[in-house]
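Residue numbers (our numbering), protein chains in the order written: chain A, 53 to 310; chain B, 281 to 705.
Simulated from the structure, these hints should not be mistaken for laboratory data.
Be careful, since some hints might not be right.
What the hints assert, rightly or not - Calculated cross-link-like contacts (lysine to aspartate or glutamate; reagent style EDC-like; alpha-carbon spacing at most 20 Å):
| no. | chain 1 | residue 1 | chain 2 | residue 2 |
| --- | --- | --- | --- | --- |
| 1 | A | 112 | B | 395 |
| 2 | B | 542 | A | 297 |
| 3 | A | 135 | B | 318 |
| 4 | A | 237 | B | 688 |
| 5 | B | 542 | A | 160 |
| 6 | B | 542 | A | 298 |
| 7 | B | 362 | B | 688 |
Stated by the list, open to error - Non-contacting residues of chain A with respect to chain B, defined by C-beta distances greater than 10 Å in every case (computed):
| no. | residue |
| --- | --- |
| 8 | 64 |
| 9 | 69 |
| 10 | 71 |
| 11 | 72 |
| 12 | 78 |
| 13 | 101 |
| 14 | 111 |
| 15 | 232 |
| 16 | 276 |
| 17 | 279 |
| 18 | 290 |
Quick reminder that beta carbons are idealized off the backbone N, C-alpha and C, glycines included.
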Amino acid sequence: MMKHPDETIDHGRRAWFGLAAGVTAAVAAPGVILQIASADPDPAPVTAAARWGLLIDTNKCAAGCRDCVDACDRENGLDRQSKPPSQSPAAWTDQKAVWVRKVKLADDLTGRVTNLPLMCQHCEHPPCVDVCPTGASFKRADGIVVVDRHICIGCRYCMMACPYQARSFVHEPMHDQLTQVPRGKGCVESCNLCVSRRDHGLASTACADACAAAGKGAIVFGDLKDPASPISLALRAMPSRQLREDLALNTGVRYAGV
Amino acid sequence: MKRIVYREWRIPPTRYWGILGLLAVVIGLGGLAALYLEHQGHWVTGMNNFVVWGVPHVFAVFLIIAASGAVNVASIATVFGKGSYQPLGRLSGLLAVALLIGGLLILVLDLGRPDRLLVALTHYNLRSIFAWNIYLYTGFIALVIAYLWSMADRMGLAFKRPIGLVAFGWRIALTTATGSIFGFLVARQAFDTAFLAPMFIIMSLAYGLAIFILVLLFSFDQEGRPVGEQLLRRLKNLLGVFVAAVLYFTLVYYLTKGYGAKNTDLVGWLLFGGGSYSVLLWIGWVLAGTLVPLGILWYPSTRRDCRWIAAACALVILGGLAALYVILVGSQVYPLPIFPGHTILDSGFLDGVKVGAASYRPTLPELLLGLGGVAVALLLTAVGVRVLQFLPESLADADLPGDGQDPDAPAGASKASYISEISAG
Numbered sequence: 053m054m055k056h057p058d059e060t061i062d063h064g065r066r067a068w069f070g071l072a073a074g075v076t077a078a079v080a081a082p083g084v085i086l087q088i089a090s091a092d093p094d095p096a097p098v099t100a101a102a103r104w105g106l107l108i109d110t111n112k113c114a115a116g117c118r119d120c121v122d123a124c125d126r127e128n129g130l131d132r133q134s135k136p137p138s139q140s141p142a143a144w145t146d147q148k149a150v151w152v153r154k155v156k157l158a159d160d161l162t163g164r165v166t167n168l169p170l171m172c173q174h175c176e177h178p179p180c181v182d183v184c185p186t187g188a189s190f191k192r193a194d195g196i197v198v199v200d201r202h203i204c205i206g207c208r209y210c211m212m213a214c215p216y217q218a219r220s221f222v223h224e225p226m227h228d229q230l231t232q233v234p235r236g237k238g239c240v241e242s243c244n245l246c247v248s249r250r251d252h253g254l255a256s257t258a259c260a261d262a263c264a265a266a267g268k269g270a271i272v273f274g275d276l277k278d279p280a281s282p283i284s285l286a287l288r289a290m291p292s293r294q295l296r297e298d299l300a301l302n303t304g305v306r307y308a309g310v
Numbered sequence: 281m282k283r284i285v286y287r288e289w290r291i292p293p294t295r296y297w298g299i300l301g302l303l304a305v306v307i308g309l310g311g312l313a314a315l316y317l318e319h320q321g322h323w324v325t326g327m328n329n330f331v332v333w334g335v336p337h338v339f340a341v342f343l344i345i346a347a348s349g350a351v352n353v354a355s356i357a358t359v360f361g362k363g364s365y366q367p368l369g370r371l372s373g374l375l376a377v378a379l380l381i382g383g384l385l386i387l388v389l390d391l392g393r394p395d396r397l398l399v400a401l402t403h404y405n406l407r408s409i410f411a412w413n414i415y416l417y418t419g420f421i422a423l424v425i426a427y428l429w430s431m432a433d434r435m436g437l438a439f440k441r442p443i444g445l446v447a448f449g450w451r452i453a454l455t456t457a458t459g460s461i462f463g464f465l466v467a468r469q470a471f472d473t474a475f476l477a478p479m480f481i482i483m484s485l486a487y488g489l490a491i492f493i494l495v496l497l498f499s500f501d502q503e504g505r506p507v508g509e510q511l512l513r514r515l516k517n518l519l520g521v522f523v524a525a526v527l528y529f530t531l532v533y534y535l536t537k538g539y540g541a542k543n544t545d546l547v548g549w550l551l552f553g554g555g556s557y558s559v560l561l562w563i564g565w566v567l568a569g570t571l572v573p574l575g576i577l578w579y580p581s582t583r584r585d586c587r588w589i590a591a592a593c594a595l596v597i598l599g600g601l602a603a604l605y606v607i608l609v610g611s612q613v614y615p616l617p618i619f620p621g622h623t624i625l626d627s628g629f630l631d632g633v634k635v636g637a638a639s640y641r642p643t644l645p646e647l648l649l650g651l652g653g654v655a656v657a658l659l660l661t662a663v664g665v666r667v668l669q670f671l672p673e674s675l676a677d678a679d680l681p682g683d684g685q686d687p688d689a690p691a692g693a694s695k696a697s698y699i700s701e702i703s704a705g
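This is chain A alone, in the form it adopts within the complex (with noise of 0.2 Å):
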């Protein structure tokens, strides 16, 4: 039987796809496997084995200290946010993102005066968690509330949630991030323990670090779990609590002396 003349073998055309696709598969692969090799760097999984939390000591907080808010800004890069040059400094002040914030409050029947800094409390059961549509707003097995940048579509209802205003959205174009604190604009961000670090091994938070660093020893950070960690030893021997505490959320950041 005779070939239909359309139907016979082009082989200048069988070559060039296959060069094409060669070349293809050359450009792309180190690519694809590069970004397979940078993304992985600790295959170890998170596990329940440790809960993260603070203890912040609030009579070893001083007033005016701001050492806590400055690393904290230094380590996730919140010292590079820029106000829009027509934004007014007021509004920008609601509108920046604040991970750790500074509190001075009085007892409005003693007068008493308290100074902490308060951030994300670590809920173990996060109202954020349980609102958030989509899931970006999880909790590591290891306690560390967190948004997933990936999925976060930037409807703020964690923040409504949120009962310690912890949260912060991300109101401005985003510049200068740093490569361990990916933030993007329209996405909500908060006090996530310093999470690169626990990733990497590391011992401390920026925050606790930096008050240790001031003489003041205010914030111990570690796990909740081990009985022999510095926080569960100094939560044993000082009275503590949660802020909130009729809301029942278990909070992995626990205050003395308030």
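Knowing the structure of chain A, use the given hints to seat chain B on it.
Chain B in isolation, oriented as in the chain A frame:
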């Protein structure tokens, strides 16, 4: 019983295109505002880390609850068997879908990442009432479109009542879930109550009906179609009952909130010390949005006049926007009770005050985005009634069916024989 004849909205083309053009301009401005917001980021709005939901959300929530209220008119006929409401069913369904789409568009375009809408549709956290709402809203649109089909297509007639019943249940669920978006917020004093769910349902009935009556009166007036005095009396009386019920719910809400010592400061602030929020509450919500329309609807010399009734509807709508502004924004401005019994002296936010210090100044893009959503809802309605037969030719009292009557159903014939009759041509 007369058959109801539905006809397209046949106002002169120049007037029709004028209306569409006007709505298109408002939609265009809303679209530009959304682009501007998305490009610049939310710093161009008055929203901040303390007031995270502002004017766009007031419009969005208003339109969403009004949508479920608008479909109530169809339910009154289908579920509760009130014959004179039968001819209104199609417009009721169309308005419900249009209002919901307008509201959802505002919500989506206000997201920090509207480009991630697909993420919201593919990643679900089923503990979140927001995630449930995604199902409830899309389901509502599908259900009401099916409802419209059952009302408009003779083949669908057999399904009208079952679909109507499901739609009625669905709209109750939808508004319950919308109220619960706020009711589930345990950390915020003004929210954190199951009361918001039924309160939103009663608000939806009032605002949805007010919009429905306004659209009905406007569209009929433009074309000279008659609206019977008796029907109008029933509609405006029903609106009056709903508006009075909102007032009752408002009263009970503030009484129960304010009774316990822990929320006394909040309620005192909202009612008396909240500056513009208190003014909006009393002048916008209670006086202009409730008492004045109630007076108009029942005062002898105004209650029969279409123009006065339309004015009452407009006031109910404006009052509803004021109410939602107070409920949504006022509750965020008031500080969270993180340290009860203490005054914050210095923190970078709400310093030196015990109550009401977070600032929120709405900006033009927010307002344009909200108005754009309203215009989308009206445009969809205007196009719908123009190209399809949504509006009955006459709502004159003599042409209306009585209670328990369905003029679409053939008299004395079983549904099966009716359908076979149609099939046979």
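Each hint, compared with the structure:
Between residue 112 of chain A and residue 395 of chain B the alpha-carbon distance is near 46 Å, which puts this suggested pair outside the 20 Å criterion. In summary, the hint linking residue 542 of chain B to residue 297 of chain A is supported, as the alpha carbons are separated by about 15 Å, within the 20 Å threshold. This hinted pair checks out: residue 135 of chain A and residue 318 of chain B have alpha carbons roughly 17 Å apart, not beyond 20 Å. Using a Cα cut-off of 20 Å, the hinted pair residue 237 of chain A and residue 688 of chain B is violated, with the two alpha carbons roughly 54 Å apart.
Our distance criterion of 20 Å between C-alpha atoms is met by residue 542 of chain B and residue 160 of chain A, whose separation comes to about 15 Å. For a cut-off of 20 Å, the pair hint linking residue 542 of chain B to residue 298 of chain A stands: about 12 Å separates their Cα positions. Among the hinted pairs, residue 362 of chain B with residue 688 of chain B is consistent with the structure: their alpha-carbon atoms are about 14 Å apart, no more than 20 Å. Taking the minimum C-beta to C-beta distance to chain B, about 42 Å, the non-interface status of residue 64 of chain A holds against the 10 Å cut.
For residue 69 of chain A, the requirement that its beta carbon stay farther than 10 Å from each beta carbon of chain B is met, with the minimum near 33 Å. No Cβ of chain B comes within 10 Å of the Cβ of residue 71 of chain A; the nearest lies about 36 Å off, and the non-interface call holds. Separation of residue 72 of chain A from chain B is adequate, the least Cβ-Cβ distance of about 31 Å exceeding the 10 Å criterion. Its beta-carbon lying about 32 Å from the closest one in chain B, residue 78 of chain A satisfies the requirement of being farther than 10 Å from that chain.
Interface exclusion of residue 101 of chain A from chain B stands, the closest Cβ pair being 25 Å apart, more than 10 Å. Distance to chain B confirms residue 111 of chain A as a non-interface residue, since its nearest Cβ pair spans about 16 Å, more than 10 Å. Even its closest Cβ contact with chain B, about 22 Å, leaves residue 232 of chain A beyond 10 Å, as expected for a residue assigned away from the interface. At roughly 21 Å from the closest C-beta of chain B, the C-beta of residue 276 of chain A stays outside 10 Å, upholding its exclusion from the interface.
Distance to chain B confirms residue 279 of chain A as a non-interface residue, since its nearest Cβ pair spans about 30 Å, more than 10 Å. Once the 10 Å rule is applied to beta carbons, residue 290 of chain A is consistent with being away from chain B; the minimum gap is 19 Å.
Checked against the numbered hints given earlier, this structure breaks hints 1, 4; the rest are met.
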